[in-house]
Structure formats: C-alpha cells, structure tokens
Amino acid sequence: MNPFALLRATALIYSMHFGAVFGSKRVLAAFVLAAMPPVLGGLGTRLAPETVDGSVMDGGGIFTAMGVFLFLGFVVPMLSVSIAVGAVADEVETRTITYPFTRPIPRASLFLGRWLASLTLILGLLWLSGGALWWISNWREPGPPNELVHAVLLAATSGAVVYSIGSAVIGTEFKRGLVIALAYAFAFELLVANVPGSSRELTIQYHMRAIVADEAIKELDAEDFLRTKSMISASGALMKMWIVSGVLLLFGCWRVGRKQFVLSA
Amino acid sequence: MSGAAIVQAEGLGRWYGEVVGLGDLSVSIEPGITGLVGPNGAGKSTFMKLMVGELRPHRGELTVLGHTPFASRPLYRRLGFCPQQDALYESQTAVQFVRDLLRLGGFGRREATTRANTALERVGLEEAKDRKVNGFSKGMRQRMRLAQAIAHDPELVIADEPLTGLDPIARRQVLELFRGLASEGRSVILSSHVLHEVESLTDRMVLIHRGRLLAQGTVREVRSLISKHPSRVHVGARDPRRLATALLGQEHVRAVSIGANGKDLLVETEDAAAFEEAFARVASEVRAGVQSLHSDDATLEAVFDYLVG
Amino acid sequence: MKAATHTEIYRPFKGRLLARPMRALVLAWSGVRLGFRKKLPALLLFAVPVITTITVAFVINLKFDAKNMLDDAFAQGITDVETEGDPMTQVRISAAQSLARANSDRVAMMVSSTIADVEALVYGFINQMSFFVILVMGWYGAGLIAEDKRLRANLLYFARPITRWTYLRGKLGTAVFWGACVVMAPTTILLSTACFVSPEYQFLKESWPAILKFEGYTLAYVLVHALLVLAISSLADRRNRALAGVFGVYLLTYLGGESMTRMFDGQGWRLMSLPRNFQRVAESMFDLQSGAVDWPLEASIWMIGLYVVVSLAVLSTQLGRMERGA
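Residue numbers (our numbering), protein chains in the order written: chain A, 1 to 265; chain B, 1 to 309; chain C, 1 to 326.
Because the hints were derived from the structure by calculation, they are not lab data.
Don't take every hint at face value.
[As the list claims (entries may be wrong)] 25 Å max Cα-Cα, derived DSS-like pairs, lysine-lysine: (1) A:K25 / B:K138; (2) C:K213 / C:K63; (3) A:K175 / C:K213; (4) A:K175 / A:K25; (5) A:K25 / B:K132; (6) C:K38 / C:K205; (7) C:K38 / A:K175; (8) A:K175 / A:K240.
With the hints as constraints, model all of the structure from the sequences given.
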C-alpha cells in the first residue's frame, strides 16, 4: 500500500466528513452531555459544604469528584462511543459507502479519515468540558493542582482514543454496533472494572483510573471507587492504552479493506 | 468468447445467506451499450455489485476491463458506477458532492471543480449545482448519481436502474447522455426491468433470470434461438380472408387468425425469414391490399415473455 | 389508441365506524410479535432473569421444605430418630425434635421468619432485575416510536381512525409486556411458588398484602420506565439513537447523582436517578433500610411523578406532531 495515497485519501475523507460530523444533530446532544461536568461542578463550587466525609471540598475535591466520577466514568465513554461508532457504520446505514468504495483510494482511508473526524469532535468536546470544569473548579480556593488536571485530561484523551477506535471497529463489524459498544462500555466495563482482581485490567476504565489515581486520591477519599491497591502505574496504563489503540486501528483498517457491505436498494 | 470483452464472468455465484443472488452466471460483455435485463430479484443488481467490486463472488471468476473488481484501484480509475440506492451526502451541494468524489479519484481541486461543473451540465443540473442535495427531487437525485459516475470520463459506466424515478423529459436526457457516451467510445452497462427503455437505447441484451443467464445477444438473435415459439406477424389488409387462405398454404405458416375488426390478421410462422421471403409474393398474387405489416415478436417484451414464461 | 391508467379513488367515509376498544391491544401485540422475531437477543437478554428466577424459586422451595419438616417433626412428636437415610434430613429432623421439645413458640417464630426471608428474597430478586428491566425495555422499546418516525409509518397509523392516545397505549402495551416479562412475570412465579410450597398456603394467607405490594410495585416500576423509554424514543428518529438516549439518561442521572453525593454532605442528589427513587419507595413499602436513600418518601414520589409528567408531555407533543404528519 502506498502510504502517500493513504495519507492523501485519509486527509480528503477527513475534510469531507469533518463538516458533516460537526453539522449533525447528535452534536447537540453531545454538547449537552459534555456540559454536564462543568455545570454540576459549578453547582458544587457554589453550594457544596467545606468538608464531606472528612475530605476537604475545595477546588481540587470538586474537580476530582466531577472529573473522575462523571467525566471519566461516564462522559468520556458515552461521547466516544456514541460519536465514533458511526464512523463507518453511518456510511453503511445511509448507503453512501458505495461512492468512496468505487474510487481509486485505499479503503482503509475511509476508516482512518472518518474516525479522525469523529475523534476531532470527541476530543474537542472533551477538552472543552475538562477545561471548563478546571476553570469552574478554580472558583473555590485552592483550585485543582495542575498535575491532577493534566492527569484527568490525559486519561480522557487516551480513553477517548481507545473507546473511539474500538467503537468504530464495532460499528464496522456489527449491524447494531451502538448497542454492542454501549453494552461493552456500560455493562461489561462497569461490572468488570469494579471487580477486585486482575480481570479489571481488561477494561479501559481501569487504565483511565490508573492514570489519575495517584493525583485523585490526594484530593478526595475515593479508594472505594478507584481501588488503587495493586493498580498499575500511570505510564504503564498509558503504554497499554496506546498499544491497544494501535492494534485496534490496524485491525479496523484491515477489516474495512476486506469487508463487503451488503446494502439494500 | 471475444478477446475485447469488457466484462468476463465464468460460473459466477453469489449468495445472501440462503438466498441465491446469482447462481451460475457465465457471460461475456463487449464494448458499447449493453442492457442488463431481468425481472425484479433476477440478480441484476448483484451482478452489478460484483462488477464494481462492492461484493466478492462466492464462486466463479469475474474480470472487468481486465481487473478483478473487488477493491481494485486501477479499475476504479476507469470505471464509473451509478448505484440504485437513493443515497447522497445530504449536507453537500451538488457541485461539492461531485467535486469531492472526483478529488478522491485523484484530481486536483481546480480540475475537479471544472469537471464537476461539466458533469452536472451534462445531466442537466447546472442550475442546481449550488443547492444542497437534500432538497433535490427524486429525478434530480438520480441525475446526481449519474453525474458522479461520468465526471471522471470513465471507459465504462455501470448504471443500476438509471431510469427509475425520472420523468419522460429527464429520461430522454439520460438516454441521450448514454448515447453520447457510446458515441465517444465509452461503454455503458445499464440494468432495467422496464424493457422498452433499454430497447430504445440498445438492442444488445443480457437477460438474467433467477440468478442465471437466460439469453444474450441482440433481440432478434435471441428471438431466433427460440424455436418452440412461433413468430407472430400482424398484417392489415383490405381483403384479409383471401390473404389468410393464401398464407395458410405456406408450409412455414402454423396459424392465421382474423381480428375482431375483420381487417387484421395475426399470422404465426415457424420460420420468420421464410415468411418474409414468401409474404410479398403471396400478397401480390392474391391482391389482398396489404395496408400494414409488423411483428411484435422482435420486441424485448415478447422475447422476455417467451423466455421467462 | 386507448389509454388506461391505474386510478386510485379516495372517497370520504360515510359508514359507521365500529367501536373497537381493544384497538390498542392489536397495536401492542403486533409490536410484541415483532420482538419475537429475533431469537438471539431474546436469549441473551432473558438468560440471566430466567436463571435467576429458577434459582430463587428453588431457594424458596428449600426454605419451606425445611420449615415443613420442622412442622412435621413437631406435629408427629417423633422420638426415635431413624438411623438410615439422608444425613441432612436426619439432622433437620433431629433439630426439629429438639426445637419442638424445647419451645413450640419458637417454631411459630420460625414460620414467620421463613415468610419474612422469602419476602426479602423476592425483594432482592426485584432489585437485581431492575437493571435488566431497563436493558430489555431499552432494547425492545427504544425503536417503538423512533422507527415509526424513520419509516414514516405514523402516516399509515394515523390514516386509520386511531388517536395518538390509542397509539400510545399500543406502544406502551408493547414496552410494558417486555418489562413485565423480566420482572413482573418472574415475581408472580416466585410468589406463586411460595404460596404453593408453603404449608396450607400460609404464605398466601399471611402475606397477601405483601403479594399485592410486590405486584403493584413491579407494575408501577415497569409502567413508569416504559413511559420514559417511549418519551426518549419519540425524540429520536433512529432506534439506535433512542437506545443511546435511554442509556444516557439512566447513566447520567445515576452517575451524576453519585458524583454530586460525593461533593455534598447528603444523598439528595440521588433523587435525580429514577431507579434510586423506586428503591426509596420499595424500602418504604417493604420496611427495609439500605442507608443509601435516606430522604423523605414524598420526595421520591414527587420525583417519580415529575418523570411521568415530563414523559407524558414529551409524548403528547411528539405524537401530536406525528399525528399531523410531521
């Protein structure tokens, strides 16, 4: 495969679909979802008591409560899954996949270009949400430490990358991709990530929590949620997530190149 | 089989689970305009999807312009496909749609824009080129699909039911477009189940039924293959009874019937060529006053009725 | 040349419409039949509820079995313990003898304790099934209105003499059916098991108010969730999007409530979550206390009411649009 042809086609597909992704109706729902952590965090800064169950509810505490539980636990997987699952699946559902597939481009570029367009939206919304939460948390002194903010944003970015590629692959493979991806993210992961033992290493949530655990535990008593005992290091978690992303990306490209999509008239 | 064939299929088969899309199709299609004809569910669309590499055959061999179609980038430079499904990138304007697909085909932005405009002009959408396609009528959307198929000047255009949903004027325009492409030396393979539409464009047919090749060639050639069915000729005459008596004397005439108006004859003959030879002589001998003569057997509808029925 | 065309002639209806009060039922049943078409999702979704139901029914049976033995031992006043037979039976009989001899009041207490145990088991079962109710109703209910919108089937429905409320009752019937299959039917099976295996139908005689409460609670649970699922479905134009919306609303309210609970010294934020409110109602109905939903019962009833009102308002608006052909 000519890498330049792949890059060119990916860039073209990306530019073709970037506007379509941003212009779609689901962006509105995604925006509302992304707004939840800063909105609820804002309520917290105004109304929360000084201490809760022994934890000081300062800016760091509020940022941790919202950033770790709601942002990483729900907003990151939900946004990533719901947007990225349609990367290729939307083309199949609207039956427009015939057009790029009858053009002299590497088929993998469709997966790459459309996934990248989805990822741009996902990360844009997540960074906006995380940034707003950080800003709002600073309303209550002292604000969250930079290390914590960086860790949460890094975990969100890495998590979004893995969730989105996984969802895009699931959407490519299965007719009801969204259902399967949601079931994975919120049934399998919620169950397995909270089970003590090494089985939780099968989940993306565990790795995201591993990236933030050290910093988060300083701010809020969240041991019951994070279960930091025998947790892998942040760098180890990050490494594993990027490796998994790479493997999933290659698999997705390979599958789109080989897969036949039976479209109805 | 001809060496100049643009499409060569040998024992081609494709299934959808337990449903047979294409059973065992062996066919060779030569350059020019070819109509792929068959009733709904015959396997036309499956064959087209195999030709453009949207699907892979489960059995058999298929080459299009010398390439195995599935994901063949060299083939896609030479091929234009107009799909049947009414699907477009709804948020784009007409010119954006065609231009972006041209750019995927390797054209630079400027050339792609020029070509997109030309293609839209050819399908009669030049005035709507800056409108979003989601506001287009069914006929306009059909023409959009054609525009993207022809914009890169492909050697072969494959069009799946391209005349569906078009009004008579648009249909005439599209038929003219296909004729124009053929006159430029390009090949067109189009499918339809509306036989007279295809017939008005070309007399070269590939007839598919239940996933198999039923017949191939010109309508007359196909017709001549059918020996078990007599050819039917309608004759209008001043004295039809005398003419009927004389014609019944011919060995190749199987039956003659007089129409309800008492003036028209329907002659059934086993040998159309012999009938053509003998008719003029017989008609002048009996001075029947022949007013009209035509055979509806050469129409595709009749051929199809014979073959499928 | 004679031309002929197919002409469809529409005439105003001049007859008398037959009143068909069960029209909604026809709609509901057609939705249910559609759901039965695919076997694999049904197998996956119902596997856990079915297995759990069988297991719990078995446990209920065992509980009353042990209690029956105690009763028998007490009634017959057995003095000689058989030396042969199942060692567990011997132990039970021996225990029964000791208990019977020691104090007959204690046996009576054990009877009521067994009934209380069974009630707790049934409640535990319902609690565990609450997740599956959402899962199953999401799966089968998310597309009920969304797919009609996508396929423009509303034009066909409302070309018939049905109102939006008939349509809603039909769709609600389908959603409730699937929810009932997960929680109401199994609860009924468990309660029936308890009635039949309890000596002289003691469970029925002594716990009939609890039986009614269980049935009423599960019905309310299914109905309210069905309304919410249908409201979300009416806002989407794709089944998958509606399903994502259902999951989104549940998870957002649940996790949002949990996150806020960590920031605030109190559990009030958990009121956001519909299942949490039902938990509060259930704890009040069955005299239980988990410590996770310590707020006044009225607050939960108001919240559930709010969910119902909002769902009905959304449905009314959306179905009104569909009725008008939008």
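Legend entry - Contradicted hints - numbers only: Of the numbered hints, 3, 6 and 8 do not hold.
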